[in-house]
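Enquirer: The residues making up each chain are set out below.
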Amino acid sequence: MRNVSNIVTSIKRAYISRQFKRRNRSIMGDMSLTFLLGIFGLFSVWPLIFIINNAFKPLNEIFIFPPKLFVMSPTLTNFQDLFIIIGNSWVPMTRYIFNTVFITAIGTVGTVIIGSMAAFPLAKYVFPGAKTMSKLIVYSLMFNGTVTALPNYIIMSKLHMIDTYWALLLPSIGGTLGLFLMMNFMVQVPDALIEAAKIDGANEFTIFWKVMMPLSRSAWITLIILSFQSLWGTTGGGVIFTEKLKPVSYALSQIVNAGIARTGVASAVTLIMLVVPVVVFVISQSNVISTMATTGIKE
Amino acid sequence: MLTNQPITRRRSLAKLWKEHGAKYLLILPFALLFIVFTVIPVITSMIISFTSFNMLEAPSFVGFRNYINLVVNDDIFLIAVKNTLFFALITGPISYLMCFVFSWLINELTPKVRAVMTLVFYAPSISGNAYLIWKLIFSSDMYGYANSWLLRLGFITEPILFFDKKEYVFPILILVQLWLSLGVSFLAFIAGLQNVDKTLYEAGNIDGIKNRWQELWYITLPSMRPQLLFGAVMQITASFSVSQLSIELAGFPSVEYSGHTILTHLHDYGFIRYEMGYASAIATILFFTMLFTNIVVQKALRRVGA
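Each protein sequence line maps, in turn, to chains U and L. Each residue of the first sequence is one higher than the last, beginning at 1 in my numbering. Each residue of the second sequence is one higher than the last, beginning at 1 in my numbering.
The hints are simulated quantities; they were obtained by calculation from the structure and are not laboratory data. Careful, some of the hints might be misleading.
If you only want the chain U side, here are some residues facing chain L, beta carbon under 7 angstroms, derived [said to hold, decoys possible]:
| hint | residue |
| --- | --- |
| 1 | ILE27 |
| 2 | MET31 |
| 3 | LEU33 |
| 4 | ILE39 |
| 5 | GLY41 |
| 6 | PHE143 |
Quick list of simulated restraints, FRET-style, between CB atoms [as the list claims (entries may be wrong)]:
| hint | chain 1 | residue 1 | chain 2 | residue 2 | range |
| --- | --- | --- | --- | --- | --- |
| 7 | U | GLU195 | L | PRO171 | 48 to 56 angstroms |
| 8 | L | LYS112 | U | PRO190 | 26 to 34 angstroms |
| 9 | L | LEU13 | U | ARG25 | 55 to 63 angstroms |
| 10 | U | ILE97 | L | LYS210 | 55 to 63 angstroms |
| 11 | L | PRO111 | U | GLY237 | 54 to 62 angstroms |
| 12 | L | PHE252 | U | SER26 | 45 to 53 angstroms |
| 13 | U | PHE70 | L | PRO111 | 24 to 32 angstroms |
| 14 | L | LYS299 | U | PRO190 | 22 to 30 angstroms |
| 15 | U | THR263 | L | TRP213 | 46 to 54 angstroms |
| 16 | U | GLU195 | L | THR110 | 32 to 40 angstroms |
C-beta atoms are modelled at their ideal positions from N, C-alpha and C, and glycine is treated no differently.
Using the sequences plus the hints, can you model the full thing?
Expert: Okay, here's the thing in structure tokens:
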């Protein structure tokens, strides 16, 4: 009997919450907006479909006229060819993969932690220099990287960072985008919470780790996506010269560049390089959740 | 009096450290990297913009000559400025609205569906150079998808040379840029919408909010002002910084400079002619243009929902 009443209450609750969710929504509005979402969604996603289909196309289908979006007789030849080429690689492919995984993992963790650490005081406190620093960070986003590449290279070579992982890691960790993103989310954390933590004897570092980070979870999850994506695709061009230290996207681009006969292999490479960021993206995105609601905090 | 000054100064420093030391420590690691990899290079570039520097000989100081040449003598730069402003004026606001509208619509979905739909809209940005696909679509021969479809449907009798005709280049670049525009701001909006206090909607309902549009204007938008400001900065930089797209699709130089932007001009002087002084002057002008736009836009955004 208890079970039954439990079920009844949970259904009731679900119904009430559904009603709550649908408040201020009209069916016509819902339908037309869903339609809009669908049309633009198709427009947006079709290259992804194109890449997936192309990877399974035999060579003659890639060059068919008129061009077709969907594969007619799917094959794994492109992947098999790719693995044969990889097997002949002078530096083993596992080494390239290690380089990329290492750079991406350390770089992403570093970006999130160091960026958030700096974002917290800049977003929540007033102290000498804070305003100037925040302004510099926003402004720096507007200076184009093309002309700073040269001074950057000179600095890195003076610091003996050229041809090491550092040349990719440190500039990425010092990137301002992540910090700017974190600042804009941390501003929203209620001051009362920080005050309460202080009364409980927490120092700034504890507040950062135990209050600010959990409450800006959806922001740093977004930052993980952005940082992961940019580091994953890096080729190390201009700063990494030793073959053994090069990232996997460089190795794969070399394979692809070998000419038109590699078109099939190229589409397999595109798909493989895309799969990992997509998986990371989907896992992260489903974790972007309402932090204020789950902790029950309001100002 | 005079002897006292250093002491009070030291004392105030000590006081500053006691009050705010932990904050400075939190910022320190980032600040070091920021100064070394951003501040110093940017300042160096700005100084180089007052020199003539070909990367082989030492730079020689020329004062404002680069700037004067740009504005007075460089006709192509003026075309680039015109194109860039026009481009930014169209893609900036539209892309900003798109980012918001789509994140707002997606936010109504259940978490799993939301994650998938976010991927669907973010797809163009996730695969680094997916925009090259547009090159296939607008390819000039019959193998191009657009030409192939138009031919089959009977709209045209011979393939259009999309990137060789002035009137096609600019609209295509705008189309592709808009297609690419659901990036960082879009994700920030998705995350920001999640953080809007749900009880505000309940309270709003009691206060007489009738439909989703009022809800949007009076509750949602004001609640995510920081994200809106963030998105504005991102879309401004993106819409002013088009170069790779133009070079890859329209070629360089594009036909009659129809796809020429401030950044492709910079690319020309920085990577082809190696005139770093001139290139740095272009970067500095672009920087101040964006800064000015940003100040105007931020002022306007502060009025949202108010």
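Enquirer: Hint by hint, note whether the structure agrees.
Expert: Here is how each hint holds up against the structure:
1. ILE27: With a minimum Cβ separation of about 12 angstroms from chain L (threshold 7 angstroms), the hint on ILE27(U) is violated.
2. MET31: violated, 12 angstroms
3. LEU33: holds, 5 angstroms
4. ILE39: violated, 11 angstroms
5. GLY41: This hint holds: GLY41(U) lies near chain L, its Cβ roughly 5 angstroms from the closest one there, short of 7 angstroms.
6. PHE143: holds, 5 angstroms
7. GLU195(U) / PRO171(L): 48 to 56 angstroms: holds, 55 angstroms
8. LYS112(L) / PRO190(U): 26 to 34 angstroms: holds, 30 angstroms
9. LEU13(L) / ARG25(U): 55 to 63 angstroms: holds, 58 angstroms
10. ILE97(U) / LYS210(L): 55 to 63 angstroms: Taking Cβ atoms as reference, ILE97(U) and LYS210(L) lie about 56 angstroms apart, which means the hint holds.
11. PRO111(L) / GLY237(U): 54 to 62 angstroms: violated, 38 angstroms
12. PHE252(L) / SER26(U): 45 to 53 angstroms: holds, 50 angstroms
13. PHE70(U) / PRO111(L): 24 to 32 angstroms: Holds, since PHE70(U) and PRO111(L) (Cβ atoms, about 30 angstroms apart) stay within the stated range.
14. LYS299(L) / PRO190(U): 22 to 30 angstroms: holds, 26 angstroms
15. THR263(U) / TRP213(L): 46 to 54 angstroms: holds, 49 angstroms
16. GLU195(U) / THR110(L): 32 to 40 angstroms: holds, 36 angstroms
In this structure, the hints that do not hold are numbers 1, 2, 4, 11, in rising order.
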